[in-house]
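Chemist: Spelled out, the chains give:
There are 2 protein chains.
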Amino acid sequence: MTIKISIDCMGGDHGPSVTIPAAIKFLATQPEAELILVGLEDELRAELKKLGAEANPRLSVVHASEVVTMDDPLEVALRRKKDSSMRVAIELVKEGKAKACVSAGNTAALMAVSRYVLKTMPGVDRPAICSILPNQKDKPTYMLDLGANVDCEAHHLHQFAIMGSVLVSAMEGIARPTIGLLNVGTEEIKGNEVVKATAKLLRADHERGVLNFYGNVEGNDIFKGTTDIVVCDGFVGNVTLKAVEGLARMFKNVLTTEFKRSPLTMLGALFGRGALGNLSKRLNPSRYNGASLLGLRGLVFKSHGGADAYSYEFAIKRAFDAAKYNVQEQLSTMIAELMPRTPDPEESVSTT
Amino acid sequence: MTIKISIDCMGGDHGPSVTIPAAIKFLATQPEAELILVGLEDELRAELKKLGAEANPRLSVVHASEVVTMDDPLEVALRRKKDSSMRVAIELVKEGKAKACVSAGNTAALMAVSRYVLKTMPGVDRPAICSILPNQKDKPTYMLDLGANVDCEAHHLHQFAIMGSVLVSAMEGIARPTIGLLNVGTEEIKGNEVVKATAKLLRADHERGVLNFYGNVEGNDIFKGTTDIVVCDGFVGNVTLKAVEGLARMFKNVLTTEFKRSPLTMLGALFGRGALGNLSKRLNPSRYNGASLLGLRGLVFKSHGGADAYSYEFAIKRAFDAAKYNVQEQLSTMIAELMPRTPDPEESVSTT
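Chains as they are written, first to last, in this note's numbering: chain F, 1 to 352; chain U, 1 to 352.
For the record, the hints were derived by calculation from the structure and aren't laboratory data.
Predicted model only: the values in this text are computed from it and were never measured.
Do not rely on the hints blindly, as some may be mistaken.
Just so you know, same-sequence chains aren't split out, so a pair can sit in one copy or run between any two.
Claimed, not checked - Derived BS3-like pairs: lysine-lysine, alpha-carbon spacing no greater than 30 angstroms straight-line:
id: 1; residue 1: Lys139; residue 2: Lys224
id: 2; residue 1: Lys190; residue 2: Lys82
id: 3; residue 1: Lys252; residue 2: Lys324
id: 4; residue 1: Lys224; residue 2: Lys252
id: 5; residue 1: Lys317; residue 2: Lys196
id: 6; residue 1: Lys252; residue 2: Lys137
id: 7; residue 1: Lys224; residue 2: Lys137
id: 8; residue 1: Lys190; residue 2: Lys119
id: 9; residue 1: Lys94; residue 2: Lys200
id: 10; residue 1: Lys200; residue 2: Lys97
id: 11; residue 1: Lys190; residue 2: Lys81
id: 12; residue 1: Lys139; residue 2: Lys4
id: 13; residue 1: Lys252; residue 2: Lys139
id: 14; residue 1: Lys82; residue 2: Lys317
id: 15; residue 1: Lys196; residue 2: Lys50
id: 16; residue 1: Lys25; residue 2: Lys252
id: 17; residue 1: Lys137; residue 2: Lys200
Please model the entire structure based on the sequences and the hints provided.
Modeler: This is how it looks when you write it as structure tokens:
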């Protein structure tokens with residue numbers, strides 16, 4: 001069965017020079033995939049021609065006349081650029097022409113346009129951003145929310161836990177993934193009021209056998225791999241994610257500098273190349289590219305803005321896998337089961 | 001001039017076998033220092049004898065019959081163990097017999113006992129924990145609060161910024177250290193209500209020329225070294241600190257595993273030993289051991305519970321420096337100047 005994914009080819013720091021090579025490379029690995037390339041048609045066709053891929057029957061081009069830049073205010077992305085590649089790619093999902101879409105554009109704009117075009121799922125108050133971090137068990141830790149919601153109440157965190165659980169279950173083939181609630185300590189009495197109230201909701205679900213709630217986890221548990229999922233509000237998630245990215249970058253820079261310091265250490269780098277290569281491979285953020293925007297009426301994936309083609313391909317693969325494993329349908333079922341349905345959750349399109 | 005520091009020798013995972021060797025080593029580097037060793041006298045004297053330091057005139061022993069363990073509930077540390085080494089070490093500061101104290105005991109207990117014995121400074125609502133992280137400029141980033149206050153309002157974060165500024169100014173000799181407010185983006189409109197309100201207070205202080213407010217910073221700015229100080233609430237600070245500690249540990253483990261994988265990579269490690277050594281030295285958390293409990297009527301420093309003697313010595317050094325540079329007096333002056341004095345800020349001793 002063919003699975004179609006739409007690609008916002010103009011998004012991110014590099015545009016078609018990254019998105020199109022990644023798309024071509026991805027197709028070669030997935031015979032079931034078809035990709036719809038969205039953007040300025042001339043640019044896309046020129047890039048396809050350059051790469052000798054004009055005739056690939058599993059690649060189609062849909063023209064969009066505008067581009068949402070990294071600096072565009074939400075207003076512009078949402079109200080003015082109605083023919084942006086980002087919006088058109090999302091509309092293809094809404095129209096059922098694609099089963100998921102990928103964009104490396106501005107996160108806030110992507111979330112706002114996705115909410116506006118697709119709307120929030122019934123039963124979900126706020127969509128969340130879920131990404132993957134590597135852990136010591138050499139497995140992924142899924143973490144959400146990573147920045148869509150800076151002020152959360154317990155029922156929001158509760159919904160994030162449910163959505164994360166469905167995503168991990170589908171993507172990783174784990175029947176009952178473990179859920180950790182990010183906190184300042186593991187004891188039940190720890191944390192602020194929102195976290196304590198969330199723990200109560202999750203414990204109730206655990207006792208009913210519908211969720212696998214592990215309990216509170218701390219910051220280091222993300223990398224220990226204590227639980228499959230780590231739930232937090234978007235403020236904490238965003239700050240934590242950027243802090244660990246910052247530390248990883250510093251680590252890499254210091255390592256490079258130190259190995260270049262003398263002929264002896266350069267020799268060390270030469271002999272240790274395999275080790276350093278494996279290190280960078282195991283911890284390479286590229287492998288974890290592709291965050292899910294969860295809780296919308298359609299699948300949207302966000303690539304890192306600065307992703308190269310290697311990294312962007314991972315984001316496409318994640319969108320493809322989510323489509324293949326019917327994440328959207330499973331989310332609908334689980335949410336209908338677990339959450340009281342509100343009449344119309346989509347009163348506004350504002351994000352933070 | 002002699003500066004006396006009291007040491008809770010029983011605190012931490014290792015007790016006197018770490019704290020006493022560290023104390024002896026520290027004294028050798030600081031002719032101005034005198035250390036008061038607090039704990040079970042027999043154990044302390046046995047350790048001193050073992051190390052041939054019984055006769056050191058700059059080392060004295062004060063007996064305390066009880067020990068606060070890592071698992072003791074706050075109640076026990078606070079109400080029952082009234083003759084604990086932790087409490088006696090803090091009381092020496094209150095009585096003016098020591099100018100600062102150091103403990104590797106349970107953080108929550110240390111904060112609670114410190115608040116109870118020393119009381120909060122006039123004008124300060126809540127003491128905060130301030131620690132140091134390394135940054136790419138090879139300088140320290142001071143970050144607070146790291147866990148004392150999980151629910152904060154703007155005026156709390158504002159006070160943290162003032163206290164952090166005084167600490168950095170005194171410890172690092174920087175006249176007007178830069179203050180960053182940890183947020184999900186750098187633009188003024190970003191963040192939750194508390195952070196936005198805090199930014200207003202800090203901007204007002206900046207305009208009056210009393211604080212050097214840089215603006216919002218993101219998680220990665222901690223390691224870029226964008227500002228000297230990063231201010232956040234204790235929930236965000238604690239989670240972020242533990243997450244980066246977790247990543248650093250994973251990095252170290254993966255590096256070790258990978259370099260041991262084959263004879264070639266082991267050769268790499270051998271030749272690259274200098275580089276790996278420098279790496280670990282530059283990023284070694286030991287160098288940054290010694291968090292300040294700021295906002296009390298006396299100087300208290302917290303060592304990592306698992307610290308070895310090398311690391312514990314850094315904590316003693318930080319307490320000594322803070323005493324030497326009159327951090328407490330400078331805090332009093334600055335706070336009296338900048339904060340409206342509340343009649344009695346010490347209504348309770350509860351911490352989180």
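Chemist: If a hint holds in the structure, say so; if it doesn't, say that too.
Modeler: Now the hints, each set against the structure:
1. Lys139 to Lys224: Classified as both; 10 angstroms inside a copy, 28 angstroms across copies.
2. Lys190 to Lys82: between (47 angstroms within a copy, 25 angstroms between copies)
3. Lys252 to Lys324: Intra 35 angstroms, inter 37 angstroms, cutoff 30 angstroms: neither.
4. Lys224 to Lys252: The answer is both: 20 angstroms in one copy and 13 angstroms across copies each meet 30 angstroms.
5. Lys317 to Lys196: neither (36 angstroms within a copy, 38 angstroms between copies)
6. Lys252 to Lys137: This pair counts as both: shortest intra-copy Cα distance 21 angstroms, inter-copy 14 angstroms.
7. Lys224 to Lys137: both (7 angstroms within a copy, 28 angstroms between copies)
8. Lys190 to Lys119: Between copies, since 23 angstroms is at most 30 angstroms while 36 angstroms is not.
9. Lys94 to Lys200: For Lys94 and Lys200, the Cα distance exceeds 30 angstroms both inside one copy (36 angstroms) and across copies (41 angstroms).
10. Lys200 to Lys97: Classified as neither; 41 angstroms inside a copy, 47 angstroms across copies.
11. Lys190 to Lys81: Between copies only: 22 angstroms across chains, 46 angstroms inside a chain, cut-off 30 angstroms.
12. Lys139 to Lys4: within (28 angstroms within a copy, 50 angstroms between copies)
13. Lys252 to Lys139: both (21 angstroms within a copy, 17 angstroms between copies)
14. Lys82 to Lys317: within (27 angstroms within a copy, 61 angstroms between copies)
15. Lys196 to Lys50: So Lys196 and Lys50 fail the 30 angstroms test inside a copy (56 angstroms) and across (49 angstroms) alike.
16. Lys25 to Lys252: This pair counts as within: shortest intra-copy Cα distance 27 angstroms, inter-copy 33 angstroms.
17. Lys137 to Lys200: within (29 angstroms within a copy, 44 angstroms between copies)
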